[in-house]
Amino acid sequence: MERNRNLPIKMTEVCLRDGSHVVAHQFTTEQVQSIVAGLDSAGMHYIEVSHGDGLGGSTIQYGRSRVNEMELIETAVAACKQAKVAVLLIPGVGTVNELKQARQLGAGLVRVATHVTEADVSAQHIQIARELGMEVCGFLMMAHSAPVEKLVEQAKLMQSYGAEAVYVTDSAGALLPEQVRERIRAMRQALDIEIGFHAHNNLSVAIANTLVAIEEGATRIDGSMRCLGAGAGNAQTEVLIAVLDRMGIQLGIDLYEMMDLAEDIVGPILPQPQEIRKGSLVMGYAGVYSSFLLHAERASKRFGIDARDILMEVGRRKAVGGQEDMIIDVAAELAQIRRAGV
Amino acid sequence: MKKIKAAILGSGNIGTDLMYKLERSSVIEIAAVIGIDPDSDGLKRARERGYPVFDNGIEAIVNQPDLAEIVFDATSAKAHVRHAKVLKELGINAIDLTPAARGPFVCPVVNLTEQLEKDTTNLNMITCGGQATIPIVYAINRVANVSYAEIVATIASKSAGPGTRANIDEFTMTTRQALEQVGGADQGKAIIILNPAEPPILMRDTIYCEVAQMDEAAIRQSILDIVQEVRQYVPGYCLKQEPLFEENRVTVFLEIEGAGDYFPPYAGNLDIMTASAMRVGEQVARYLLDGRGVSLGTE
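Heads up: the protein sequence lines correspond to chains A and B, in order. Start counting the first sequence at 1; every next residue gets the next number (the numbering used here). Start counting the second sequence at 343; every next residue gets the next number (the numbering used here).
Hints are computed from structural coordinates only; laboratory data are not their basis. Glycine residues also receive a C-beta, built at the ideal position from the N, C-alpha and C atoms. Any given hint could be a false lead.
Unchecked claim - From the structure, some residues in chain B lie toward chain A, with a derived Cβ separation under 10 Å:
no. : residue
1   : E492
2   : R507
3   : A508
4   : I533
5   : I534
6   : N537
7   : I543
8   : T548
9   : E571
10  : E584
Stated by the list, open to error - A few chain B residues that face chain A, going by a derived Cβ cut-off under 8 Å, partial list only:
no. : residue
11  : V494
12  : S499
13  : M515
14  : I535
15  : L536
16  : Y550
17  : L586
18  : T593
Claimed, not checked - Below are the BS3-like pairs computed for lysine-lysine, each with C-alpha atoms no more than 25 Å apart in a straight line:
no. : chain 1 : residue 1 : chain 2 : residue 2
19  : B       : K582      : A       : K318
20  : B       : K420      : A       : K301
21  : A       : K100      : B       : K420
22  : A       : K150      : A       : K84
23  : A       : K150      : B       : K500
24  : A       : K318      : B       : K500
25  : A       : K156      : B       : K500
Chain A with its partners taken away, still in its complex shape (with noise of 0.2 Å):
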């Protein structure tokens, strides 16, 4: 592959963040443990730990750990002899006090995430983090629902606090492979940093996204093993590693024990297999928030309303990341509508 930046291709693997939302936030310290020190033996660069709402995510809105993220931090960084642990912190839900705490049990790196088109809450978050000695990402979520002119603008933000890494954050796996390459290009050619891509694959594009990322020089990659991250999960690590190894771009990552710890320690975890269905698809579809979708089926259940109804109509509604609330909301009016017509 043709690459418009030559640095090292850094990964991070996020099933233990992502990938809570499918299991609904109960991860517990020994799935955790194994996890990471298999993913450090294989020669992983970044193992992301937290809620899958980021520090302070465990609420009612979004679901409650079974195991107090700081505890499965902890439980992480003892495991790690090379890699580095990194957590996500959405303002607006933890704040710089949770960020301190992961700081002290050893977290290394913090991707500190906005909606697209708010990058302006992140400066307190990325300034203090740079203070307290971490590598800092910014994450810009929903970047398919902005014009590419406007992810520059808060991109560049985010550069101006201190970030060392911007990330294009696909959050509703939406874009599509041209898509992703205009707004690489458009960063590579503003921004003085690195650039990073986070897909999910509801439209089944996430490893092709990615590749077109890397080919315009994203250098910054995110990956779950066995998809194991919210939708339909994100670029499959061990394929990536693949993919990429065969055409010529070698991480430092063992195949081979991703392939292991892919099949043997995550494939158990699964609570069914991350394919394509319904659900998922209509989020890529529709642009909607991947981690929306256990709590669509929850609420389809408890309303009585298809899923696909609830999430195309918080789509309309133009939710952002995070407002799970609304998904309760606009499930109970459908069910009151529906009662009034029949």
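Following the hints, put chain B in place on chain A, whose structure we already have.
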């Protein structure tokens, strides 16, 4: 009828909206609008309305301490820390619309009367999310004992000024504390979300409470009662739909439409802040008019 003189410190969005509201007060007279930028839209509008205008910030009050008996501080949390000290020394009642939290938290329908009996030196208006959701937590707590209250405030991006954006942690932490201290929850949690949709969305708040004594009928009635009380000063304060009950959990959805004074109606978050501050200011003014004077706390 005699009115109490008040000054508005801060000529940004909040200060300017408050100016339009205080114009309608029967007990408060706007004696000064104070900013630091003579060209700000707020000061221009204040001049047009014929109010005495100052552009030297808190100095205006230091130079002329009898300018006002009540100062509404709509600057920033950082500035208020300094202002609080100055105003206290001058014996002027401060109503703080920043999340500085120097004085006790006040929510008009919950603890205003009680607070006025104790101390009116510096009253803190918490946050917009707090003013919207604490009445509901309080209403549920008084009949069902709330062990955990969690609120999600979603506001239009356009209604979040640079102050809110730079201090989003202060918002979540101050709101959480007030859910406990004023709302009565044993434990609180606050989440804020900015939504950039066009046209801008109305402010929405979702309140989740876990209760020790579930009594659906009593909870429903208590919520309806408090909504009526809040509507007396925030007419656009509405239940978006019937409260939902599930096991020990109550979920309440609110939507708040602003009065459209300075801000467009979608900015219910800003409206509830200025409307609540005016409510508090008017009660303080009535106390002063009754000759009950300023109580300067324990000093």
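Structure-based check of each hint:
Interface hint at E492(B): satisfied, since its Cβ lies 5 Å from the closest Cβ of chain A, which is below the 10 Å cut-off. Look at R507(B): its Cβ gets to within about 5 Å of chain A, closer than 10 Å, so that hint holds up. At its closest, the beta carbon of A508(B) sits 6 Å from a beta carbon of chain A; the interface hint therefore holds under the 10 Å criterion. Because the closest C-beta pair between I533(B) and chain A is about 5 Å apart, less than 10 Å, the hint holds.
Checking I534(B) against chain A by beta carbon gives a least distance of about 4 Å; that is within 10 Å, so the hint holds. Using the Cβ-Cβ criterion of 10 Å, the hint placing N537(B) at the interface with chain A is satisfied: the shortest such distance is roughly 5 Å. About 8 Å separates the beta-carbon of I543(B) from the nearest beta-carbon of chain A, less than 10 Å, and the hint is met. Hint on T548(B) holds. Least Cβ distance to chain A is approximately 4 Å, under the 10 Å limit.
Taken as an interface hint, E571(B) does not check out: its beta carbon lies about 24 Å from the nearest beta carbon of chain A, beyond 10 Å. At its closest, the beta carbon of E584(B) sits 8 Å from a beta carbon of chain A; the interface hint therefore holds under the 10 Å criterion. Satisfaction of the interface hint for V494(B) is found here, the shortest Cβ-Cβ separation to chain A being roughly 5 Å, below the 8 Å cut-off. The interface hint given for S499(B) is met, as the beta carbon of that residue sits about 6 Å from the closest beta carbon of chain A, less than 8 Å.
Using the Cβ-Cβ criterion of 8 Å, the hint placing M515(B) at the interface with chain A is satisfied: the shortest such distance is roughly 6 Å. Hint status for I535(B) relative to chain A: holds, with the closest Cβ pair at about 5 Å, below 8 Å. With its C-beta approaching chain A no nearer than about 5 Å, L536(B) sits inside the 8 Å limit, and its interface hint holds. With its C-beta approaching chain A no nearer than about 4 Å, Y550(B) sits inside the 8 Å limit, and its interface hint holds.
With a least beta-carbon distance of about 7 Å to chain A, the hint placing L586(B) at the interface is held under the 8 Å criterion. The beta carbon of T593(B) comes within 7 Å of a beta carbon in chain A, closer than 8 Å, and the hint placing it at the interface holds. For a cut-off of 25 Å, the pair hint linking K582(B) to K318(A) stands: about 18 Å separates their Cα positions. Taking the CA atoms of K420(B) and K301(A), the gap is near 48 Å; set against the 25 Å cutoff, the hint is violated.
Annotation: proposed proximity of K100(A) to K420(B) holds, straight-line Cα distance about 22 Å (limit 25 Å). The hinted pair formed by K150(A) and K84(A) fails the criterion: a straight-line CA distance of about 31 Å is larger than 25 Å. Under the criterion of a C-alpha separation no larger than 25 Å, the hint pairing K150(A) with K500(B) is consistent with the structure, at around 15 Å. Our distance criterion of 25 Å between C-alpha atoms is met by K318(A) and K500(B), whose separation comes to about 15 Å.
Straight-line distance between C-alpha atoms of K156(A) and K500(B) comes to about 20 Å, which keeps the hinted pair within the 25 Å bound.
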